[in-house]
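Just so you know, the sequences run in chain order A and B. Note that the numbering used here has the first sequence beginning at 528, numbered continuously upward. Note that the numbering used here has the second sequence beginning at 1027, numbered continuously upward.
The hints are simulated quantities; they were obtained by calculation from the structure and are not laboratory data. Be aware that a few hints might be false.
Partial pick of chain A residues on the chain B-facing surface, computed with a CB cut under 10 Å [what the hints assert, rightly or not]:
| no. | residue |
| --- | --- |
| 1 | Arg615 |
| 2 | Ser616 |
| 3 | Val711 |
Reference listing, derived: stretches of chain A covered by chain B, where coverage requires no fewer than 3 residues with Cβ under 8 Å from a Cβ of chain B [as the list claims (entries may be wrong)]:
| no. | region |
| --- | --- |
| 4 | 528 to 534 |
| 5 | 619 to 631 |
All C-beta atoms, glycine included, are put in the ideal place defined by N, C-alpha and C.
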Amino acid sequence: MRLYVAVARGSFRRYATYLGATVAGTFANTVFGLVLCFVYTAVWRANPEAGGYDVADALTYVWIGQGLIMVVAIWGGGSPDDLAARIRSGDVAIDFYRPVSILAWYLAADLGRAAYHLLSRGVVPFVLGALLFDLHRPSPSGAALFLLALPLAVVVSFALRLLAALSAFWLLDDTGPRSLLGFVALFFSGLTLPLVLFPDGLRHVALVLPWQSFVQLPADLFLSKRTGLDAVAGFGLAAAWAAVLLLACAAVLRRAERRVVVQGG
Amino acid sequence: MALIEARDLNRTFSVRRRGAGRRDVVAVRDVTFDVEPGEMVGYIGPNGAGKSTTIKMLTGILVPTSGHLRVAGVEPSRDRRRLARQIGVVFGQRTSLWWDLPLRDSFDLLHRIYRTDPARHRANLAEFVELLALGDLLDTPVRQLSLGQRMRGDIAAALLHDPAILYLDEPTIGLDVVSKGRLREFLRALNATRGVTLLLTTHDLQDIEALCDRVVVIDHGTLVYDGSLPGLHEVGGSTRTLVVDLADAAPPIAVPGADTVRVEGPRQWLRFPAEASAAPVVAAVAAAYDVADLSIQEPAIEDVIRSLYGSG
């Protein structure tokens, strides 16, 4: 366990060294957030109770989304990208030599990355948004539940990104699966449009898919739209997805390992 | 018991060929050898000879198609994790360090990966930092290290958990002469003081001459030589050359036991078998000709091995 804490810490420090990238990325998130705020303001002025949100809720949702893009790695990235690069270059053989769990190793590295991104790319745009707009103030329980939902979102996202990366064992290039995943995540996480605004049928589907835990679930907890049993159900669904997807990762990783070890490559 | 026991080791790859279905390619064929604790063995062969395939089988990341293999008492591919604690692996062209982290952090992660006893880890680290002159580099991110520095870091990384065997795959590739020399010196000392068994693949035959008492040559997947370095010269039919500078240009020298292979003004080249003594040849030349200077060229191991590859 201490090994994986050290891995997470190392990963945190690694991202922390690229300060320039952090500043540029934070600036981009803030600009995006501003643009979305103008669009959302227009939407909610036309329809003041869309999706059960008022204007303050909607604008808060924007800044939560901008803050979580990098934390949850909605577009992709993080430690699965490192693994995909190592599969392509063959350096993954070094990972196989080591007496450690590859899955736990890369998960720890991604959690370390997420922690750094929360403190930099997550907090800064949100604070700027809160200074510029009148945002929803969360209840203590809402804020706590929101923070609790984040690690779960990162794990679900990590497992999906890792599955895409592992395709490199068979495809050599994981660009296709990775961009497809990024596109689906962009839509079904609720980053572009809250899932609560989706038409009936699509909304019901979107709200049980794994991506709902990326932005929609944390935002609804923060906004106290989901409380009590409803919140528990949200956590339960995300946890179930995390478990299923991690098991899938473990199974694919075993196959990949067998493929390399038995067939060579 | 031998540290490495390979008996009739075979490895076949199934390769898909365009339009021609699948075809089996034999990468390693009936390879048999033992390595005893403390040996330094050079494992050499041309590109594609099956060296890397063998190393991969020895480390457990590739399963032999058939044959018997034991390394440090375990079957590598079944017990890869247990074997990992017994072996260190250094690739000249890859790194096991973490690119974005200072060298110190990589060593710390390895300490946790292998769960080395903390006191032992500290002692090893202090020793390798000193011997490999890593002191000033510990806080430098690995991506900023030069190739030679990174290689020293990689070697320390492979040894921190006290492995009994160290595999080195092209460890001196790309290094300058001074760095190569230092690295060889370190490896020799490592073998002498800690008894670490070394198995080295290389294209740099000076590595072999400087380090290995024993050479295993593989070509087209088949073992073509296993023995001492001097023995390699006999098997390879290698020759030494006596270079004679005469006082004046003369017709080709004719003495028993040597052939004159080249004449260039007053300088002539005489070839004789590598295992024969140079003394009678020199004496015969000096007795019959007016000699200004003499020198002897030792056989180039490159040539010997090339002739072995040809016959293998």
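Verification of the supplied hints:
The restraint placing Arg615(A) at the interface with chain B is violated, with a minimum CB-CB distance near 13 Å, outside the 10 Å limit. Contact between Ser616(A) and chain B, as hinted, is supported at the beta carbon level, the nearest pair being about 8 Å apart and thus within 10 Å. With 10 Å as the threshold, the beta carbon of Val711(A) stays out of range of chain B, its nearest partner Cβ sitting at about 29 Å, so the hint is violated. As drawn, the region 528 to 534 of chain A meets chain B at 4 residues by the rule of a beta-carbon pair under 8 Å; at three or more, the given contact holds.
Coverage of a stretch by a chain is defined here by at least three residues with a beta carbon nearer than 8 Å to that chain's beta carbons; for the region 619 to 631 of chain A and chain B the count is 7, and the condition holds.
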